[in-house]
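If you count the first sequence from 1, position 27 lands on 26 in numbering that gives the first Met the number 0, and the numbers rise without skipping.
Only pairs whose alpha carbons sit at most 25 Å apart, straight line, appear in this in silico PhoX-like list of lysine-lysine:
(1) Lys346 to Lys400
(2) Lys261 to Lys346
(3) Lys251 to Lys321
(4) Lys568 to Lys547
(5) Lys272 to Lys248
(6) Lys322 to Lys378
(7) Lys47 to Lys11
(8) Lys550 to Lys532
(9) Lys431 to Lys119
(10) Lys346 to Lys393
(11) Lys137 to Lys119
(12) Lys416 to Lys204
(13) Lys369 to Lys386
(14) Lys33 to Lys11
(15) Lys416 to Lys119
(16) Lys281 to Lys338
(17) Lys11 to Lys547
(18) Lys125 to Lys416
(19) Lys122 to Lys431
(20) Lys538 to Lys549
(21) Lys428 to Lys119
(22) Lys137 to Lys90
(23) Lys15 to Lys459
(24) Lys248 to Lys261
Pairwise CB distance ranges (calculated):
(25) Leu142 to Glu499: 40 to 46 Å
(26) Cys226 to Leu424: 40 to 46 Å
(27) Lys547 to Met80: 54 to 60 Å
No lab work stands behind these hints, which were simulated from the structure alone.
Every residue gets a Cβ at the ideal spot worked out from N, C-alpha and C, and that includes glycine.
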Amino acid sequence: MRYSQSFIYTLKEDQKEAAIISHNLLLRGGFISKLASGIYNYLPLGLKVIKKVSNIVREEMDAAGALEILMAAIQPAELWMESGRWNDYGKELLRIKDRKESDFVFGPTHEEVVTDIVKKYAKSYKDLPFNLYQIQTKFRDELRPRFGLMRGREFIMKDAYSFDADEDSMDISYLKMREAYYNIFRRCGLAFRSVEADTGSIGGKDSEEFMVLSSTGEDEIVVCDACEYSANVERAESITEDDAGSEEKLEKVETPNKQTIKNVCEFLNADEKFSAKALVYKNEEGKIFCFFVEGDDELNEIKAARATGSVELEMLSDEELKKAGLTKGYIGPINFPNKDIEVICDKRLENRNNLVVGANEENYHYKGAKLHRDFECDKIADLRSVKEGEVCPKCEKGKLKRIRGIEVGHIFKLGLKYSQAMNALFLDKNGKTQPFYMGCYGIGIGRTAQAAVEQNNDEKGIIWPISIAPFEVEIVSLDSKDIAMSSYCDMIYDDMIYREIEVLYDERDERAGIKLNDMDLIGIPIRIVVGKKSFQNNKVEISLRREKDKKELIDIDAVLDYITELREKLYAELETIREV
RNA sequence: CGGGGUGUAGCGCAGUUUGGUUAGCGCACCUGCCUUGGGAGCAGGGGGUCGGUGGUUCAAAUCCACUCACCCCGACCA
Numbered sequence: 000m001r002y003s004q005s006f007i008y009t010l011k012e013d014q015k016e017a018a019i020i021s022h023n024l025l026l027r028g029g030f031i032s033k034l035a036s037g038i039y040n041y042l043p044l045g046l047k048v049i050k051k052v053s054n055i056v057r058e059e060m061d062a063a064g065a066l067e068i069l070m071a072a073i074q075p076a077e078l079w080m081e082s083g084r085w086n087d088y089g090k091e092l093l094r095i096k097d098r099k100e101s102d103f104v105f106g107p108t109h110e111e112v113v114t115d116i117v118k119k120y121a122k123s124y125k126d127l128p129f130n131l132y133q134i135q136t137k138f139r140d141e142l143r144p145r146f147g148l149m150r151g152r153e154f155i156m157k158d159a160y161s162f163d164a165d166e167d168s169m170d171i172s173y174l175k176m177r178e179a180y181y182n183i184f185r186r187c188g189l190a191f192r193s194v195e196a197d198t199g200s201i202g203g204k205d206s207e208e209f210m211v212l213s214s215t216g217e218d219e220i221v222v223c224d225a226c227e228y229s230a231n232v233e234r235a236e237s238i239t240e241d242d243a244g245s246e247e248k249l250e251k252v253e254t255p256n257k258q259t260i261k262n263v264c265e266f267l268n269a270d271e272k273f274s275a276k277a278l279v280y281k282n283e284e285g286k287i288f289c290f291f292v293e294g295d296d297e298l299n300e301i302k303a304a305r306a307t308g309s310v311e312l313e314m315l316s317d318e319e320l321k322k323a324g325l326t327k328g329y330i331g332p333i334n335f336p337n338k339d340i341e342v343i344c345d346k347r348l349e350n351r352n353n354l355v356v357g358a359n360e361e362n363y364h365y366k367g368a369k370l371h372r373d374f375e376c377d378k379i380a381d382l383r384s385v386k387e388g389e390v391c392p393k394c395e396k397g398k399l400k401r402i403r404g405i406e407v408g409h410i411f412k413l414g415l416k417y418s419q420a421m422n423a424l425f426l427d428k429n430g431k432t433q434p435f436y437m438g439c440y441g442i443g444i445g446r447t448a449q450a451a452v453e454q455n456n457d458e459k460g461i462i463w464p465i466s467i468a469p470f471e472v473e474i475v476s477l478d479s480k481d482i483a484m485s486s487y488c489d490m491i492y493d494d495m496i497y498r499e500i501e502v503l504y505d506e507r508d509e510r511a512g513i514k515l516n517d518m519d520l521i522g523i524p525i526r527i528v529v530g531k532k533s534f535q536n537n538k539v540e541i542s543l544r545r546e547k548d549k550k551e552l553i554d555i556d557a558v559l560d561y562i563t564e565l566r567e568k569l570y571a572e573l574e575t576i577r578e579v
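Go ahead and model the full structure; you've got the sequences and the hints to work with.
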C-alpha cells in the first residue's frame with residue numbers, strides 16, 4: 000500500500016476519551032474511530048489487524064477440526080423464550096422489533112441458534128462429535144462500555160460450540176480447544192496465562208480463562224510463584240496459617256458506638272483475625288443471606304453466590320437491614336434474629352476458638368465465641384478472597400501473588416446444561432435418546448488486538464507483533480523528490496509485493512520528522528529508511544520497531560534477502576510461548 | 001443503575017464566575033514561497049446554527065428549566 004493512496008490519519012495529541020494507552024494509540028494511529036459509546040468503526044489499518052487476528056483464529060480452529068459457519072446476527076425472540084433467557088438475560092440483550100412488531104434480538108451469543116441448528120440435523124451418535132464456530136459481530140448492551148475495543152457494546156467475537164456423545168468425548172473436545180487457544184495467543188505474540196475460572200451463571204464442570212497479563216486488566220488473577228497454579232481471584236483458593244487461639248469463655252461486652260470491625264477490635268484489644276464480620280445480601284429472587292467472614296478477610300461475592308446457588312447478589316441497604324430485623328454494626332451469629340435468612344460462615348471461622356462477634360443488639364458484642372459451641376450456621380463454605388502471600392493449594396509450598404489480566408478467551412465444559420434445557424437430543428448406539436454433551440469457547444477478536452497494543456508499546460507508539468501487524472514492513476523514503484531514491488523505493492516496493500511481503504510505502508512529500516513519527520506511532524515491525532547520506536553509499540537503514548535505535552546499514556542490493564530473513568526470524572520467535 | 005464530570009471547527013482547548021463588538025487559540029486542512037534525517041518558518045485562506053428544546057432579557061456560548069450525548073469511579077463479560 001502506498002501511503003499517499005491510503006486512508007491513514009494520525010493524530011498528534013492524546014485523545015481525552017482514552018483512559019488507557021492502547022485505546023489512545025489505536026485512536027491516534029487511525030485504527031479505529033468511535034461512532035457511539037462502545038461502538039467503533041474499524042478504519043483500514045484497524046481492519047487489517049482484525050483480519051490478521053481472525054485469520055490466526057480461523058487457522059487454528061480449522062486445524063483443531065472445528066467447522067466454520069456464520070449464524071444470523073438477528074435472532075427471533077421465540078428462541079430466547081424457549082431457552083428462558085428472554086427474561087433472564089436482562090437489559091444487556093438488545094431487543095428490536097420488525098415492521099410487523101415481532102420481537103427480535105441482536106445476538107449477544109449464539110447458544111440458542113446453534114442448538115436450533117444442531118437439533119435440526121444431528122440426530123445420531125454417528126454424527127458426533129463436531130464443533131461449529133463462527134467469527135461475528137455481537138452486541139451486548141453493557142452497563143458501562145469502556146477502553147475502546149476492550150469492552151465495547153458491539154464487538155467481534157469468535158464463538159465455538161462442541162457437541163459430544165459422552166463426557167469423556169467432551170473432555171477431549173475441550174482439550175483440543177485448549178490447545179488451539181494456546182496456539183492462537185502464542186501466534187498473536189501475547190504474554191498470557193490460562194487460569195482456572197468460575198463457571199458462573201453458565202454453569203458446567205471446568206472452565207478456563209485466557210488472560211493477557213497487564214496492569215490495566217480488569218480481572219484479577221492469583222498465581223503461584225513456585226508452580227503453574229493460576230486461578231481467577233473469583234475462584235482461587237489458598238492454604239492459610241491457622242492459629243486457633245486459646246479457648247475462652249463466651250462473654251457479652253459493651254461496645255458503645257463501635258460498629259466497624261476495626262473499631263471494635265481496637266476497643267476490645269483483639270486481633271481482627273479473631274472476629275467475624277457480617278455481610279448481608281439478597282439474590283435475584285429477593286432471598287436474603289447473611290455471610291460471616293473473618294474481620295480482616297474480604298468476602299468474595301462470586302464464591303458467595305455459588306455457595307447459595309444465586310445468580311447475582313446485591314448488598315442490602317440500611318433500610319432493608321432494619322426491615323429484616325438486623326442491627327447494623329452489631330450483626331452476629333449468636334441468637335440470629337431472623338429465621339428466614341440463611342446464615343453462611345466462611346470455613347476459616349471453624350478454626351477459631353475465640354471470636355469477637357456482634358450481639359444483635361445496639362452497642363454490644365460477644366467475645367470468646369466459638370463456632371459449633373456457641374452458635375451454629377446453616378452452611379459452611381469458602382467465601383473469602385485469597386490474599387497475597389498465602390500458600391499455594393496445589394504445590395503447598397509456593398507463595399501466591401495477585402496480578403491483573405485482560406480476559407481474551409474463555410473455554411467452558413457446559414455438559415448437559417443447555418442441551419437438556421433446550422431439548423437438544425440424539426439417539427445413542429442403543430437407540431436411546433440422550434442430550435448432547437456441550438462445550439463453548441469464546442475469543443474476543445478486537446479485545447485480543449487491543450490487548451496486544453496494551454502489552455507492546457513505548458512512548459512513541461505501538462510495537463505490533465509481526466503476526467498481527469497491519470503491515471509487516473514499512474518503507475520510508477525521506478526525499479520523495481529525489482528521482483534515484485524514489486525509483487529505488489518503487490522497485491523494492493514492487494519486489495516485496497511480488498514476494499507477498501505486506502508493505503506500507505510512505506512516499507508522501509512530507510518532512511522526515513512527520514514520516515518517522517507516524518511510522519513509530521503506527522508500529523509496523525520492520526522498517527526500511529531510505530535517506531540521502533546512506534543511499535549515496537548504496538546503503539539503506541533497516542531497523543526493528545521494537546529496537547528502533549539499533550539500525551543496520553544494508554547494501555541496496557541485499558535488502559530484499561535481508562528483509563525476508565528478518566521477517567522469518569520474527570515469525571519464528573512466535574513459535575515459543577513467551578515467559579510470563 | 002448509583003456517584004462524579006464534560007459538551008464551543010476534524011482533534012486538543014480558552015471564553016461562561018460578573019450577559020454586551022464580527023466567538024478565539026494551538027494542531028490538522030487549502031494556496032504560495034521557503035525548507036528537507038525526528039512533528040520547521042513566512043504570508044494568505046476555508047471551516048462554528050457554542051449538544052438540543054424552551055424560557056428570562058433591549059441583548060444569551062454566558063442566566064434559568066427540561067432534555068440528549070459522551071467521559072471517569074463502582075457491580076457484569078469476550
